[in-house]
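Q: Sequence:
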Amino acid sequence: MEFKDKVKIVRKNILMISQEDLAKKLGVAFATVNRWESGRCKPNYSAQRAFAEFCKNNNIDVDSLENA
Numbered sequence: 005m006e007f008k009d010k011v012k013i014v015r016k017n018i019l020m021i022s023q024e025d026l027a028k029k030l031g032v033a034f035a036t037v038n039r040w041e042s043g044r045c046k047p048n049y050s051a052q053r054a055f056a057e058f059c060k061n062n063n064i065d066v067d068s069l070e071n072a
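Residues 5 to 72 (my numbering) make up the sequence shown, in order.
Treat the hints loosely; a few may be bogus.
Estimated spans, in silico, between C-beta atoms of each pair [what the hints assert, rightly or not]: (1) Arg44 / Ser22: 26 to 32 Å; (2) Ser68 / Ala33: 26 to 32 Å; (3) Phe34 / Asp9: 16 to 22 Å; (4) Ala35 / Ser68: 24 to 30 Å.
Dumping the calculated DSBU-like pairs for lysine-lysine here, alpha-carbon to alpha-carbon at most 35 Å [unchecked claim]: (5) Lys16 / Lys28; (6) Lys29 / Lys12; (7) Lys12 / Lys46; (8) Lys28 / Lys12; (9) Lys8 / Lys46; (10) Lys46 / Lys29; (11) Lys60 / Lys12; (12) Lys60 / Lys8; (13) Lys60 / Lys46.
If you're looking for bench data, these hints aren't it; they were derived computationally from the structure. Think of the CB as a built atom: it goes at the ideal place given N, C-alpha and C, for glycine as much as any other residue.
Generate the whole structure from the sequences, applying the supplied hints.
A: Given below as structure tokens:
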């Protein structure tokens with residue numbers, strides 16, 4: 005599963021929040037989350053780690069999304 009799919013599933017299906025809300029929680033711009041989800045841009049390593057840490061802190065098992 006690509007990063008863009010993980011972000012979208014976590015945001016829409018699990019947290020049920022807007023791209024703007026997720027961006028605020030991650031400390032990035034709305035446009036950044038929008039680009040990630042659309043696949044126009046891939047996050048750098050630190051952004052990927054920040055997303056993984058955010059998921060961990062919210063009890064979201066990103067690895068289990070692969071099997072969903």
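Q: All the hints need checking, so say for each whether the structure fits it.
A: Cross-check of the supplied hints:
1. Arg44 / Ser22: 26 to 32 Å: Violated: the Cβ-Cβ distance is about 18 Å, outside 26 to 32 Å.
2. Ser68 / Ala33: 26 to 32 Å: holds, 28 Å
3. Phe34 / Asp9: 16 to 22 Å: Holds - the Cβ-Cβ distance for Phe34 and Asp9, about 19 Å, lies within 16 to 22 Å.
4. Ala35 / Ser68: 24 to 30 Å: With a Cβ separation near 29 Å, Ala35 and Ser68 satisfy 24 to 30 Å, so the hint holds.
5. Lys16 / Lys28: Since the Cα atoms of Lys16 and Lys28 sit roughly 15 Å apart, the hinted pair holds (cutoff 35 Å).
6. Lys29 / Lys12: holds, 15 Å
7. Lys12 / Lys46: holds, 13 Å
8. Lys28 / Lys12: Since the Cα atoms of Lys28 and Lys12 sit roughly 15 Å apart, the hinted pair holds (cutoff 35 Å).
9. Lys8 / Lys46: holds, 8 Å
10. Lys46 / Lys29: Roughly 18 Å between the alpha carbons, so the hint for Lys46 and Lys29 holds.
11. Lys60 / Lys12: It holds: about 16 Å lies between the C-alpha atoms, which stays within 35 Å.
12. Lys60 / Lys8: Measuring from Cα to Cα gives roughly 18 Å; hence the hint holds.
13. Lys60 / Lys46: Holds, at about 20 Å.
The structure is inconsistent with hint 1 alone, although it conforms to all the rest.
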